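Participant: Take the sequences, apply the hints, and build the full model.
Residues 1 to 338 (full-length UniProt numbering) are what the sequence shown spells out, left to right.
Derived by calculation from the structure, the hints in this document are not laboratory data. You may find that some hints are simply not true.
Below, simulated DSS-like cross-link-like pairs (lysine-lysine); rule was C-alpha separation at most 27 Å, straight line [said to hold, decoys possible]: (1) K304 - K292; (2) K292 - K308; (3) K292 - K311.
Label pairs and their calculated CB-CB ranges [said to hold, decoys possible]: (4) L78 - D16: 32 to 42 Å; (5) T114 - I216: 33 to 43 Å; (6) A248 - H186: 52 to 62 Å; (7) H186 - P135: 14 to 24 Å; (8) E224 - T305: 57 to 67 Å; (9) S112 - R74: 12 to 22 Å; (10) S39 - I216: 19 to 29 Å; (11) R288 - D233: 19 to 29 Å; (12) P135 - W222: 25 to 35 Å; (13) K235 - A83: 54 to 64 Å; (14) Q306 - E223: 56 to 66 Å; (15) A76 - I216: 35 to 45 Å.
The structure presented is a predicted model; accordingly, all values stated were derived computationally and were not measured. For each residue, glycine too, the CB sits at the ideal point set by N, CA and C.
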Amino acid sequence: MSTTRSARYWRSFLRDLLSSPAATKTETMYDGVCFFTPSGHVEYREGCFHPSSSSVTLDVHPQEILAIFDQIKRQAILDEANAQQSAKSRQNPPVNVTPAVRLGDLTLYVVSATFTSICAVASGKSRGLVVEQLPFGVLVVTFTAPMELETAFSHIDNNLLSFSFSTMYFCAACNVYVKDSSVAEHDRTTAHLLSSSKGVSVKKVWLPESNRGYQILRTMGWEEDRGLGPTGDGKMAPITTTFKRDRAGLGLQATAKLARVTHFPRHDEEQAKMAADGRSDAQRTQDRLSRKRKQQQRPVMLSKTQRKVQKQVEQNRNCAIGNELYSEGLEGYEEFLR
Numbered sequence: 001m002s003t004t005r006s007a008r009y010w011r012s013f014l015r016d017l018l019s020s021p022a023a024t025k026t027e028t029m030y031d032g033v034c035f036f037t038p039s040g041h042v043e044y045r046e047g048c049f050h051p052s053s054s055s056v057t058l059d060v061h062p063q064e065i066l067a068i069f070d071q072i073k074r075q076a077i078l079d080e081a082n083a084q085q086s087a088k089s090r091q092n093p094p095v096n097v098t099p100a101v102r103l104g105d106l107t108l109y110v111v112s113a114t115f116t117s118i119c120a121v122a123s124g125k126s127r128g129l130v131v132e133q134l135p136f137g138v139l140v141v142t143f144t145a146p147m148e149l150e151t152a153f154s155h156i157d158n159n160l161l162s163f164s165f166s167t168m169y170f171c172a173a174c175n176v177y178v179k180d181s182s183v184a185e186h187d188r189t190t191a192h193l194l195s196s197s198k199g200v201s202v203k204k205v206w207l208p209e210s211n212r213g214y215q216i217l218r219t220m221g222w223e224e225d226r227g228l229g230p231t232g233d234g235k236m237a238p239i240t241t242t243f244k245r246d247r248a249g250l251g252l253q254a255t256a257k258l259a260r261v262t263h264f265p266r267h268d269e270e271q272a273k274m275a276a277d278g279r280s281d282a283q284r285t286q287d288r289l290s291r292k293r294k295q296q297q298r299p300v301m302l303s304k305t306q307r308k309v310q311k312q313v314e315q316n317r318n319c320a321i322g323n324e325l326y327s328e329g330l331e332g333y334e335e336f337l338r
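Facilitator: As structure tokens, then:
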């Protein structure tokens, strides 16, 4: 169920979507409204759908409503397939669209159904039901007499046509929908900042979800808390690599002191704080060096004296590089000594 904060967003959203221009702020065209996601998770409910708001509580079963939309689509596909076949080969039985919607003990009979909407009324037209399939979920609205189905449905349908859902922004951190015009204001709220703040990573394998290898492993059924291999007891930590500072070939024993490891070890609290982005120290060092190079490449107006000093510094640096390379017995670097 929704929290107090998200419930406030839902009430504002439904008021803009379902309220009548002639009605006051306290008047509503419906006595109950419920919204659930395409997967069947109930996000918001009020009125007769809320257990504590009315003596008569209606139970919504999202899977039954989603099944009706699925049956409508399958029926349309079957009709299209039969239309392309000859009359003799039309032997496929029709798909029966559910003629009624049950909300607890109340039964409402479907009088109109399309790919995106369902209209139903109870016996004696004492209560009506409108179900609309929105881009991000399913909206269920009930109303009672004396309001008629034609009036309620036409008003809701017109509001849905005039309401631009493309202007709605979904905040994954807060799990709410926000108007596009107020996204910047929402991002500055304390609730959003608290919801979007990142804590210490608890992942045992620090691979970003965008990593191609990570995606392949996940599709093959691999779990993050298991190692590699069919039994799940393989390596968990990256293979340690070191910077190569000499020119010795492969297989020769290095004489210089080993360079530091370029990958971080397995998960621990300190490393999680230092590498919360899933990158090693070596990667961050390379990023810092590349940023410095870009800054140094920017043209700077130097005086004649400064240019002369800079040229002398570059010559000294080249000579130092040449001396170091020449002392190791390498040829072809005499130009650095000039």
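Participant: All hints, please: hold or fail.
Facilitator: Outcome of the hint check:
Annotation: proposed proximity of K304 to K292 holds, straight-line Cα distance about 24 Å (limit 27 Å). About 23 Å separates the Cα atoms of K292 and K308, which keeps this hinted pair within 27 Å; it holds. Taking the CA atoms of K292 and K311, the gap is about 20 Å. The hint holds against a cut of 27 Å. At roughly 38 Å, the beta-carbon separation of L78 and D16 lies within the given 32 to 42 Å, and the hint holds.
The hint said 33 to 43 Å for the Cβ distance between T114 and I216, and at roughly 41 Å that hint holds. At roughly 58 Å, the beta-carbon separation of A248 and H186 lies within the given 52 to 62 Å, and the hint holds. For the hinted restraint 14 to 24 Å between H186 and P135, the CB-CB distance of approximately 20 Å keeps it satisfied. Between E224 and T305 the C-beta distance comes to about 60 Å, which sits within the given range of 57 to 67 Å.
S112 and R74 have their C-beta atoms about 18 Å apart, which keeps the hinted 12 to 22 Å range intact. With their beta carbons about 25 Å apart, S39 and I216 fall inside the hinted range of 19 to 29 Å. For R288 paired with D233, a C-beta distance near 38 Å fails the hint of 19 to 29 Å. One distance hint, 25 to 35 Å for the beta-carbon pair P135 and W222, holds here, with the actual separation near 33 Å.
Taking 54 to 64 Å as the suggested C-beta distance range, the pair K235 and A83 conforms, at roughly 58 Å. One distance hint, 56 to 66 Å for the beta-carbon pair Q306 and E223, holds here, with the actual separation near 60 Å. A C-beta distance of roughly 37 Å is found between A76 and I216, which places it inside the suggested range of 35 to 45 Å.
When the structure is compared with the earlier hints, a violation turns up for hint 11 alone.
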